[in-house]
Amino acid sequence: MARRAQFRRQSKDDLAKVVRRHFNGVGIQENDVIVEFLHKVRNPGVTKPKRNKEAPHSSPLP
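So the sequence shown is numbered by full-length UniProt numbering: it starts at 1 and just counts up by one.
Hints are supplied without guarantee of correctness; some may be wrong.
Stated by the list, open to error - No more than 25 Å apart at the CA atoms, straight line, and that leaves these computed lysine to aspartate or glutamate pairs for DMTMM-like: (1) K48 to E36; (2) K17 to E30; (3) K40 to E30.
As the list claims (entries may be wrong) - Now the in silico label distances, taken between C-beta atoms and shown as ranges: (4) R4 to R51: 25 to 33 Å; (5) F23 to R51: 31 to 39 Å; (6) F7 to I28: 25 to 33 Å; (7) V19 to H39: 21 to 29 Å; (8) N24 to A55: 33 to 41 Å; (9) Q29 to K50: 30 to 38 Å; (10) E30 to Q10: 21 to 29 Å.
None of these hints come from the bench; they were simulated from the model.
Just so it is clear, the structure is predicted and the values come from calculations on it, not from any experiment.
Even glycine gets a Cβ: it sits at the ideal position worked out from N, Cα and C.
Given only the sequences and the hints, what does the whole structure look like? Please build it.
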């Protein structure tokens, strides 16, 4: 179902306003985000095993 032409796109200002409103509504602390980001960068943790793309239904598990 196609939308009417006037509603297909948002202007850059409208999009910026919606994004700013969303992030202002999320109750997070900047310090918590920075600490968690640094932890994830320094400790990559568990990575997903590579999948064999040539096998049609390959499972990465043994």
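Outcome of the hint check:
Our distance criterion of 25 Å between C-alpha atoms is met by K48 and E36, whose separation comes to about 20 Å. Distance check on the hinted pair: K17 and E30 sit about 20 Å apart at the alpha-carbon level, within 25 Å; holds. Of the pairs offered as hints, the one joining K40 and E30 holds, with about 16 Å between alpha carbons and a cut-off of 25 Å not exceeded. Range check, R4 to R51: about 42 Å between beta-carbon atoms, so the 25 to 33 Å window is missed.
For F23 paired with R51, a C-beta distance near 34 Å keeps the hint of 31 to 39 Å intact. Separation of F7 from I28 is about 32 Å and conforms to the stated range, judged on CB atoms against 25 to 33 Å. Separated by about 25 Å at the C-beta atoms, V19 and H39 satisfy the suggested range of 21 to 29 Å. At about 47 Å, the beta-carbon gap between N24 and A55 misses the expected band of 33 to 41 Å.
Taking the beta carbon of each, Q29 and K50 are about 36 Å apart, inside 30 to 38 Å as hinted. Between E30 and Q10 the Cβ separation comes to about 27 Å, which falls inside the hinted range of 21 to 29 Å.
Going down the numbered hints, you'll see the structure goes against 4, 8, while the others check out.
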